[in-house]
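J.: Listed here are the chains, written in short residue letters.
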Amino acid sequence: MLAWTIYLSFAGALLEALIGAVLPARPGESQRSAAMARWLALAIAIAGLALGIAGFAAGTGHGRITIVDVPWIASMGIRYTLAADGISLVLVLLTGIAAVAGVLFSWNVEVRTNQFFAFYLALIGGVYGVFLSFDFFLLFVFYEIAIVPKYFLIAIWGSTRREYGAMKLALYSFVGSAMVLIGLLAAYATAGSHSTGLVDLAHAGLPVSFQMWAFPLVFIGFAILAGMWPLHTWAPTGHVAAPTAASMLLAGVVMKLGAYGCLRVAIGVFPHGLDPWGFSFLGLGSWRDVFAVLAVVGIVYGALVALAQTDFKFVIGYSSVSHMGFVLLGLVTLTQIGMTGAVLQMFSHGVIAGLLFAIVGRIVYDRTHTRQFAELEHMHLSRRLPFAAWAFVIAGMASIGLPGFSGFVAELQVLIGAWIARPWWTIVAGVGIVVGVAYTWRALQKAFFSDLAPAQHIHDHAHALDPITWPEIAGVALLGGATLVVGLYPRVLLDAIEPAVKSLLAGGLQ
Amino acid sequence: MNYADLFRVTLPETILEIAAVVVLIVDLAFLRKSAQQLRTTSAAFFGIIGCAAAAWYLPLGVGNLNGPDGLALLSTGGAAACAQIAILALTGLCLALLVETLFTRHVGEFVAVMLMSAAGGLIIAAAQDLIVIFIGLELLSLGLYILTAFAKKSAKSAEAAIKYYLFGAMSAAFLLFGFSYLYGLTGSTNLQRIAQHSYFQSYFGAAALLDVALVMVAAGLGFKIAAVPFQLWAPDTYEGAPAPAAAFVASVSKVASFALLISVGTAALHVSGHYAIGQQITADVPEVSARHFGMNGPWWLLLAVLSVASMIVGNLAALAQSSVRRLVAYSAVAHAGYVLLGLAFFSYSALSARAVLYYILTYGLTTIGAFGVVAVVERATGSDRMDSFLSLHKRNPVLAAVLLVFFLSLAGIPPLVGFWAKFNLFAAVLAVGAGPVPFALVALAVAFSAVSLYYYLQVLKRAYVMPGPDESPIRAHPVTMIVLVFIAVAVVVLGCFPSLLGDWIASFYSLG
Chain H
1 MLAWTIYLSF AGALLEALIG AVLPARPGES QRSAAMARWL ALAIAIAGLA
51 LGIAGFAAGT GHGRITIVDV PWIASMGIRY TLAADGISLV LVLLTGIAAV
101 AGVLFSWNVE VRTNQFFAFY LALIGGVYGV FLSFDFFLLF VFYEIAIVPK
151 YFLIAIWGST RREYGAMKLA LYSFVGSAMV LIGLLAAYAT AGSHSTGLVD
201 LAHAGLPVSF QMWAFPLVFI GFAILAGMWP LHTWAPTGHV AAPTAASMLL
251 AGVVMKLGAY GCLRVAIGVF PHGLDPWGFS FLGLGSWRDV FAVLAVVGIV
301 YGALVALAQT DFKFVIGYSS VSHMGFVLLG LVTLTQIGMT GAVLQMFSHG
351 VIAGLLFAIV GRIVYDRTHT RQFAELEHMH LSRRLPFAAW AFVIAGMASI
401 GLPGFSGFVA ELQVLIGAWI ARPWWTIVAG VGIVVGVAYT WRALQKAFFS
451 DLAPAQHIHD HAHALDPITW PEIAGVALLG GATLVVGLYP RVLLDAIEPA
501 VKSLLAGGLQ
Chain F
511 MNYADLFRVT LPETILEIAA VVVLIVDLAF LRKSAQQLRT TSAAFFGIIG
561 CAAAAWYLPL GVGNLNGPDG LALLSTGGAA ACAQIAILAL TGLCLALLVE
611 TLFTRHVGEF VAVMLMSAAG GLIIAAAQDL IVIFIGLELL SLGLYILTAF
661 AKKSAKSAEA AIKYYLFGAM SAAFLLFGFS YLYGLTGSTN LQRIAQHSYF
711 QSYFGAAALL DVALVMVAAG LGFKIAAVPF QLWAPDTYEG APAPAAAFVA
761 SVSKVASFAL LISVGTAALH VSGHYAIGQQ ITADVPEVSA RHFGMNGPWW
811 LLLAVLSVAS MIVGNLAALA QSSVRRLVAY SAVAHAGYVL LGLAFFSYSA
861 LSARAVLYYI LTYGLTTIGA FGVVAVVERA TGSDRMDSFL SLHKRNPVLA
911 AVLLVFFLSL AGIPPLVGFW AKFNLFAAVL AVGAGPVPFA LVALAVAFSA
961 VSLYYYLQVL KRAYVMPGPD ESPIRAHPVT MIVLVFIAVA VVVLGCFPSL
1011 LGDWIASFYS LG
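Order-wise, the sequence lines are chains H and F. Residue numbers for the first sequence follow the numbering used here, beginning at 1 and rising by one. Residue numbers for the second sequence follow the numbering used here, beginning at 511 and rising by one.
Simulated from the structure, these hints should not be mistaken for laboratory data. Here the structure is a predicted model, which means the values were calculated and not measured. Treat the hints loosely; a few may be bogus.
Claimed, not checked - Output of the computed footprint for chain F on chain H, the stretches with three or more beta carbons under 8 Å from beta carbons of chain F: (1) 143-156; (2) 175-186; (3) 288-295.
Stated by the list, open to error - Result set (DMTMM-like, lysine to aspartate or glutamate): computed pairs, CA atoms no more than 25 Å apart in a straight line: (4) H:168 - F:610; (5) F:971 - H:110; (6) F:971 - H:163.
Cβ atoms here follow ideal geometry from the backbone N, Cα and C, with glycine treated the same way.
Chain F with its partners taken away, still in its complex shape:
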């Protein structure tokens, strides 16, 4: 390890931090007395420039950053680069929706914290070492707590942040506890080394402590992706946080955490000795299940249990919600459940990793859009109750149409991208796992997406069908509308031509 390497590999993170500082300086030094609108616009503008620059320079930093023992700490390129670009793009979209924000006067700080948080996400996506993972997670999470609490005048925001923080702190403790066991059992903090050691150890028996460690790790990571039973923070945070913060939590943080889970799964597969990043497995090679995940047995079972619980609880709880934000939160739990299924049956080839990335990327995109619509409606009506959406089609036809696209995509209706993401993911699960168990789980997932249509339609029904008391037009900032329409068009186009994004993701698997 030397500083040249460090600088090279963490170039995008560095750019984001610089952008954060620039945003702060511009906002606090030059625009202190300016109008709120100008400050917001400039902060968002510099933030987006920072994200774009980071994404632009990302390919320069491809490579490994090795620790003193010669094992990788950070490994960029491949799946990590793909997730990183996605994180930057989604952060940019969150920033673009920040225009005409009213919840705070300190937009500069808000944007700066968001950028730093995103930097944490970038680190997680590339991390190969327990300590680096933990640093990245904390960097991301601390930012998220602050963002959640940013609406200082709102009691809900404060409550959400405290809940989020307490749960987060507890889960971090679990995670560290699990990490310490892993280190104790294997003598290494490197993911692949751990996978290797634990595989051989458990092969000869005596894996009880390993089970404890994995349960703890699953608890810590399950919190980040809001999998049942670690989802309790999600509804409150989604409901209480300012809309851009909630969108950020729902998209960027999810992408980063799932990218981490992909790294974990990939590391486990290295053990079998056949797998290398970038190796394109042809269709004829039989898929080998990662069921004996280096960490033998319990890991896939843990993920499968979390997955089933999340699908059931998320979908059923969403049925009973009257707040759209809580509805989206519970649906996020359900979506995490679907993705966990893809991770539980993680493929020997890049198949599963690609399917999971595809799902979570498009999910993040759609959710940002959904939160954008919710934010506009909320500003106009003062509430995110379902009834605030009454007769939206008259109040703002474009907004209603955009909401229709987002929610139908989340429900998995073709030709929108959400459908293809689900199909791709489930096909990957069935390709990996033969036999009745994966099939039953996929059947359950498909059945629950049928349930999900009901609650999405509850919102759309209010937007399109039921008459409302107030039919005055809702106006949104042109930039907001452009961004929302752009996302909606992307959802439709990517759904009609799934190969566009699929091939783009696949291209990262040949970078080496």
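Just chain H, with the same shape it has in the complex:
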């Protein structure tokens, strides 16, 4: 059943593309075909979310469920294996939520609407595919399918330096996936089992010496997309350049693709790559230490840089780097609680970052046409856009990890896990949280609650802000509701995540 999330999305992408070919944009027609494209995309996204919810409800607590498993390329032993365990289910759910919210917040895309949604749905289909693949080759195929639509979404519909941001993002992604591809080829050749199934590879008894170099190769390859410092630089520029829905998806689900790959493939297939080297260099004794340090640096660095931004969207962009650091840190703690927290943080950050980008990019920027704090400070948005202000208060609270929101549960678990592994990781990461409060507060104050006198030219256009539309309200409600529900009752996701993490820790992908 969950497999239909993939097929529906790709079918939707194809239909959207055909709308353009069948109904050429005649002056009178364009309005109608745009509306059709929107509703079609929304229907597909909602169907995907419904399937995701149903699959989640049906699959939680049943371990790993194989959905499809048929030979694909028989001569090389490659199979078309779709399966889902608790981790996949949570991330499919996240993708469904982000997809619906993304469509809602792109309701005002008027240019080449059908193409926009064609690329959008192709991206979503690829993301669903990655989360459901249990074959390394298949996972890689879906992973790469997701790259190209990102490029076009940003380059065509983006804003600030969009072609630069899009190309940078595409090349970073492609370099990362090239590293993963090398790892895939090497694992396939080394295992000699003539299978690329993740479970088969994990059981192939790959030599420890091989895992020692394959693990960092694949981990870094995926972690580029997860925004690991110092390879994160595509993230802020890409996020800022992207149109709202694309930045929501980038932060919401695409960065999770990277983190998911780190977890499912790098850690799942090459677990011995995390073993101690047997010697210590600068206090680092294993790849685990190396990546933990990079993650911790990312947390603090992202937060500090976010504090210094003058562009509202850059603040959110860098905060994503910081929050994704928690995911990576949680993964390399290799503790039950830390890894559970990491998966929960993927969900939590996906929802919260989506909400923040929606507020900045759609609700505020599309009305004020500026994201500079220096100009926003004079606009008194808390009075003129109270909905945006309060939505940002909620999202900001969730983002800094206030109890009652999903971020709190997730980051707390990661920090506990890190404390069990190495206490000083927790201490440094804790600094990142404090700075996180500071930059969120600063953004909130400067963008919405500033009491500076309105500038003259802005005052003249005081009436010009469009009213809030229903898709925006629905989108905020969906994303805000999700973080709140998970924050108040984390069990709903933890019941799915914990057994999956437990079996992963107990002996790879069994």
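Once you have looked at the hints, place chain F on chain H.
T.: Same frame as chain H, now just chain F:
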């Protein structure tokens, strides 16, 4: 050798020659006064019929044509038959894209030369003897020079043809020089006999002359596949030649030349005495590297050096191009580099041969499509500059979508066929060669395909992202569009179901 054998084995070639004559007769005798469109259509039609007939009768001609000494001159069936069918199919596609051609009034001659050239390609694919190889190469090459020069009013076309011809003549000289050494060293012109003799000779030392011979042969064949440093003709030819001729050079000629390299590699492997065409090696048999290629040592090293140089130069030079045809030319150099890697680590089983054939077949298919799109855009805008592709998605959405598929496939993005071809090839390399060297080379190849995405995106960016000065629709002949869409669908379907083509190629290895 008797004439019955000769006729049987060269049946497809004969059919192509007959088709060429029919095309000429119909065009010159009956349609002399007719409209250009009708002449083009009829020539292309008869050409395609000829290709189809040749492919249809191909299985009848499976077997060996032996020389007076009892050694094979031509050996059809197996890998050769597979390459031959591919050559015929790709020639047919090139012909189908010929409709509404404007560069010449003598379409009949053009088609006839193309068919004769294709016949040369068929001979190369099956040749087992140095002299037959050389005849096939010359038959193919002479046709290509003429095709390149066919746009008589274009100075670029003439320049390209002269360059191509001079380089070709020089490389033919190198090749002959190398062949003469091989004959002198081994006393035979048969590939397998040569491999055998040179293996034993070099085993006991004294292989210096053999090295010279192999370098010369590599230079001659490197020219045909445009491997660095013998690639200098490629950009000019791709740019100057009429589009159908360029597509033909880029696809059919490549397939034929790589089929020849497969024959060479296979012959070398016969030496070890274990290998027979059609023998399906099971997965458990350890792969033996052909590194001691009968011709001991230097051959794989030569191919590996050519491969690395081609990957680096091709990809980096493509980054700097502003003409799409030159870009495709340099990318062709890079692709030749990837394939050479598969040939350098040539497998004991049919694994490598299959992977190489798969790669080059799908590459030829995709490139023909790419040239088809370039030709349409060129006709509408008068140039193949990247900026001619500006806002193509508005001017002809289908054409833009088709171009997207072709270029992403060339860049190796799944689920398109180019990705699977690369994966398959690199997996074969790693299966054959153990150790850090093949691994490093594969890593280099994968890294450079990441680079290649950049220049393909440069074209797609203009087609989809950047606004253009002119947004009037571009119209293409319905036949052209149908062929292009067909190729694009094939690229997608073969990419989603790689086994379709893979199993088809594998089936030729049990024909014996």
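J.: Hint by hint, which ones does the structure fall short of?
T.: 3, 4
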